[in-house]
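Chains as they are written, first to last, in my numbering: chain F, 1 to 232; chain W, 1 to 333.
Hint data in this document are derived by calculation from the structure and do not stem from the laboratory. No experiment lies behind these values; they were computed from the predicted model shown. Here a beta-carbon is modelled for each residue, glycine too, at the ideal position from N, C-alpha and C. A few of these clues could be false.
What the hints assert, rightly or not - According to the in silico footprint, chain F covers these stretches of chain W (three or more CB under 8 Å from chain F):
#, region
1, 170-177
2, 228-241
Unchecked claim - With a cut-off of at most 25 Å between alpha-carbon atoms, the simulated SDA-like pairs for lysine to any residue come out as follows:
#, chain 1, residue 1, chain 2, residue 2
3, F, K48, W, K168
4, F, K48, W, E53
5, F, K201, F, F106
6, W, K168, F, Q226
7, W, K70, F, D152
8, F, K119, W, V42
9, F, K48, W, P105
10, F, K131, F, D180
11, F, K11, W, E53
12, F, K178, F, E210
13, F, K88, W, Q57
14, F, K48, W, A329
15, W, K70, F, K148
16, W, K70, F, I57
17, W, K70, F, A173
Said to hold, decoys possible - Sample of chain F residues facing chain W (criterion: CB under 7 Å; computed from the structure):
#, residue
18, Y171
19, A173
20, N204
21, A205
22, V208
23, A221
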Amino acid sequence: MRILGFESSAKSASVAVCDEIGLISQHFQNSGLTHSRTLLPMAEDMLKNLSLTLSDIDLIAVAQGPGSFTGIRIGVSAVKGLAWAADKPVCGVSTLLAMAYNGVAFPEGSLICCVMDAKRSQFYNANFVIKDGIPVRLCEDRAIGTAKLVEDIENTNNSVFVIGDGASMCYNALENLKLDAHIAPEPLRHQSAWGVCMAAKRENAQSVHELLPVYLRLSQAERERQDRVFGK
Amino acid sequence: MLIMSIESTCDETAVAITENGRKVLTDQIFSQADLHAVYGGVVPEIASRSHVEVISQLSERALTVAGITKNDLGAVAVSYAPGLIGAVLVGVNFAKSVAYALSIPLIPVHHIKGHIAANYIAFPELEPPFLCLAISGGNTMLVDVRGYTDMKIIGATRDDAAGECFDKTARVLGLPYPGGKHVDALSKTGDDSKYVLPRSHVEGNPYDMSFSGLKTSVVNLVHNAEQKGETLDRESLCASFSRAVSESLVPRTMQLARELGYKKIAVAGGVAANSRIREDFRIAAEKEGAQLFVPPLSLCGDNGAMIGCQGYYEFLAGTRAGSDLNAYANMEL
Ligand SMILES: [Zn+2]
Numbered sequence: 001m002r003i004l005g006f007e008s009s010a011k012s013a014s015v016a017v018c019d020e021i022g023l024i025s026q027h028f029q030n031s032g033l034t035h036s037r038t039l040l041p042m043a044e045d046m047l048k049n050l051s052l053t054l055s056d057i058d059l060i061a062v063a064q065g066p067g068s069f070t071g072i073r074i075g076v077s078a079v080k081g082l083a084w085a086a087d088k089p090v091c092g093v094s095t096l097l098a099m100a101y102n103g104v105a106f107p108e109g110s111l112i113c114c115v116m117d118a119k120r121s122q123f124y125n126a127n128f129v130i131k132d133g134i135p136v137r138l139c140e141d142r143a144i145g146t147a148k149l150v151e152d153i154e155n156t157n158n159s160v161f162v163i164g165d166g167a168s169m170c171y172n173a174l175e176n177l178k179l180d181a182h183i184a185p186e187p188l189r190h191q192s193a194w195g196v197c198m199a200a201k202r203e204n205a206q207s208v209h210e211l212l213p214v215y216l217r218l219s220q221a222e223r224e225r226q227d228r229v230f231g232k
Numbered sequence: 001m002l003i004m005s006i007e008s009t010c011d012e013t014a015v016a017i018t019e020n021g022r023k024v025l026t027d028q029i030f031s032q033a034d035l036h037a038v039y040g041g042v043v044p045e046i047a048s049r050s051h052v053e054v055i056s057q058l059s060e061r062a063l064t065v066a067g068i069t070k071n072d073l074g075a076v077a078v079s080y081a082p083g084l085i086g087a088v089l090v091g092v093n094f095a096k097s098v099a100y101a102l103s104i105p106l107i108p109v110h111h112i113k114g115h116i117a118a119n120y121i122a123f124p125e126l127e128p129p130f131l132c133l134a135i136s137g138g139n140t141m142l143v144d145v146r147g148y149t150d151m152k153i154i155g156a157t158r159d160d161a162a163g164e165c166f167d168k169t170a171r172v173l174g175l176p177y178p179g180g181k182h183v184d185a186l187s188k189t190g191d192d193s194k195y196v197l198p199r200s201h202v203e204g205n206p207y208d209m210s211f212s213g214l215k216t217s218v219v220n221l222v223h224n225a226e227q228k229g230e231t232l233d234r235e236s237l238c239a240s241f242s243r244a245v246s247e248s249l250v251p252r253t254m255q256l257a258r259e260l261g262y263k264k265i266a267v268a269g270g271v272a273a274n275s276r277i278r279e280d281f282r283i284a285a286e287k288e289g290a291q292l293f294v295p296p297l298s299l300c301g302d303n304g305a306m307i308g309c310q311g312y313y314e315f316l317a318g319t320r321a322g323s324d325l326n327a328y329a330n331m332e333l
């Protein structure tokens, strides 16, 4: 079972190939160059280097959100094109769950707090606990403010590791709580296509038409209209 | 050669299959107009979201209706600029992947060149060179079409596009989005000389145009009438406005055709659907003894076939893109 995974939900972008045993190859880029230009060439180069073609791939996985609206759409559009043309099943996975796999570097029982900067004073967040070497979900993916984040983890007795591009922003709030809280070291703070492949292994495959981005948020125009029509 | 072409630059998602440029096997168009109607205009984020939801289904349906398989495709063409960037990105990234997965060439197509090419589909006898007026919601330009891929802009709007002006007029009159066709419908029973509206003139290039003055005049006229509690003759305002736009476009186009020595004149883009502009062009071309090419309404708005048609001529000219192709909000012709 070979999985080709794509991650483009924030500033970094990555592509990976994994099998039952684990990571075979990963291309990661955190250059600030647009994913629209870099994502597919990374996949193309990687497969060429591996002497593989799409026909050797059994499943195509992608981080379907939450995250940057545009970044997610670039990943999902690219994967839809590949999967449709090559007749492959796909698997859309939560960006936050994929990111939580970086937490397997930390001890059993650690609480993994995944946070992405969602702007407008909010984070995209989900929390996980490392159990039997994999992240187990403690809450749904959501868009929340610092107060709710603090409320949800202030009573934990476990070590807390914060992962994602929102880590440094919420770390100050967590530090004041006298928790055993740490920001994950730099390379482990970024989401990766390897995590996408790992998460996809444990989820059901979908048909290409079923794959959709998950934004967790309305567009600005829809939000403002709702406020206008239904009151705030 | 069979080309699959993809269009997603604004609020239409389209996938077409064309054969050797001019033969359209199918053109699957999903219009988002209903999604944007409550906002009175296209909302870029909503447009982008909708494109990604339907693009693979439309592609599947295009193959089914055309009665072909993916392996019959010779190339993928995609509209990669100009447009709403978030929207264009969906089509470009999908198209790149399809071309890569099928190991067939990827052809980037300029959206406005696509609009011009809609005329090749409608008129099998039409060949460059000719003069084309491209008029849409985002662009208004006079293009010297010297060859299928060799084009030169001779004049363009310095500010608003003609289509933008129609949309704004519709909006201040409270007409539903998209407003162009409602303005057109009302204007048919109005008096086109009732309201005096400016025909703006710009310094320098005689083929450059301006529509912001006209737009402002209409907005002020409507607001003043509202303030004074006067009832506007909407039919006549629409007729006077349509006439003003037409008189900024048609004589200028005819003058340029004379100057360039062209007896073939084409019109392209969404605003080419306007009946006043079509009729004024018909009369002017007849007087001049020029051949006029205006696509049927179905080929004026955004569609996939026009991208496939231009894509074919780009293919013949050697235009190709790799998997690093990006999308662009703006792009020279
Ligand atoms: Zn257009």
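Outcome of the hint check:
Only residues whose C-beta sits within less than 8 Å of a C-beta in chain F count toward coverage, and the region 170-177 of chain W has 0 of them, not enough to reach three; the restraint is violated. Here's how the region 228-241 of chain W fares: 0 of its residues keep a CB closer than 8 Å to some CB of chain F, so the rule of at least three is not met and the hint is violated. Note on K48 of chain F and K168 of chain W: the hinted pairing is violated, with a Cα-Cα distance of about 52 Å set against a maximum of 25 Å. Taking the CA atoms of K48 of chain F and E53 of chain W, the gap is near 30 Å; set against the 25 Å cutoff, the hint is violated.
Using a Cα cut-off of 25 Å, the hinted pair K201 of chain F and F106 of chain F holds, with the two alpha carbons roughly 21 Å apart. For the suggested pair K168 of chain W and Q226 of chain F, the alpha carbons sit about 24 Å apart, so the restraint of at most 25 Å is met. The hinted pair formed by K70 of chain W and D152 of chain F fails the criterion: a straight-line CA distance of about 50 Å is larger than 25 Å. Of the supplied pair hints, the one linking K119 of chain F and V42 of chain W holds, its CA atoms being roughly 24 Å apart against a limit of 25 Å.
For the given pair, K48 of chain F sits about 18 Å from P105 of chain W by alpha-carbon distance, which is consistent with the 25 Å threshold. Under the criterion of a C-alpha separation no larger than 25 Å, the hint pairing K131 of chain F with D180 of chain F is consistent with the structure, at around 18 Å. This hinted pair checks out: K11 of chain F and E53 of chain W have alpha carbons roughly 23 Å apart, not beyond 25 Å. Between K178 of chain F and E210 of chain F, the direct Cα distance comes to roughly 44 Å. Violation of the 25 Å bound is thereby established for this hinted pair.
Distance hint between K88 of chain F and Q57 of chain W is fulfilled; the C-alpha atoms sit about 15 Å from each other, no more than 25 Å. With a CA separation close to 32 Å, the supplied pair K48 of chain F and A329 of chain W exceeds the 25 Å bound. Restraint check for K70 of chain W and K148 of chain F: the C-alpha separation of about 50 Å exceeds 25 Å, so the hint is violated. Straight-line distance between C-alpha atoms of K70 of chain W and I57 of chain F comes to about 19 Å, which keeps the hinted pair within the 25 Å bound.
For a cut-off of 25 Å, the pair hint linking K70 of chain W to A173 of chain F is broken: about 54 Å separates their Cα positions. Hint on Y171 of chain F is violated. Least Cβ distance to chain W is approximately 30 Å, over the 7 Å limit. Proximity of A173 of chain F to chain W is violated relative to the hint, the smallest CB-CB distance being about 30 Å (cut-off 7 Å). Checking N204 of chain F against chain W by beta carbon gives a least distance of about 18 Å; that is not within 7 Å, so the hint is violated.
Because the closest C-beta pair between A205 of chain F and chain W is about 15 Å apart, greater than 7 Å, the hint is violated. Because the closest C-beta pair between V208 of chain F and chain W is about 5 Å apart, less than 7 Å, the hint holds. With a least beta-carbon distance of about 4 Å to chain W, the hint placing A221 of chain F at the interface is held under the 7 Å criterion.
Hints 1, 2, 3, 4, 7, 12, 14, 15, 17, 18, 19, 20, 21, counting from the list given before, are not met by this structure.
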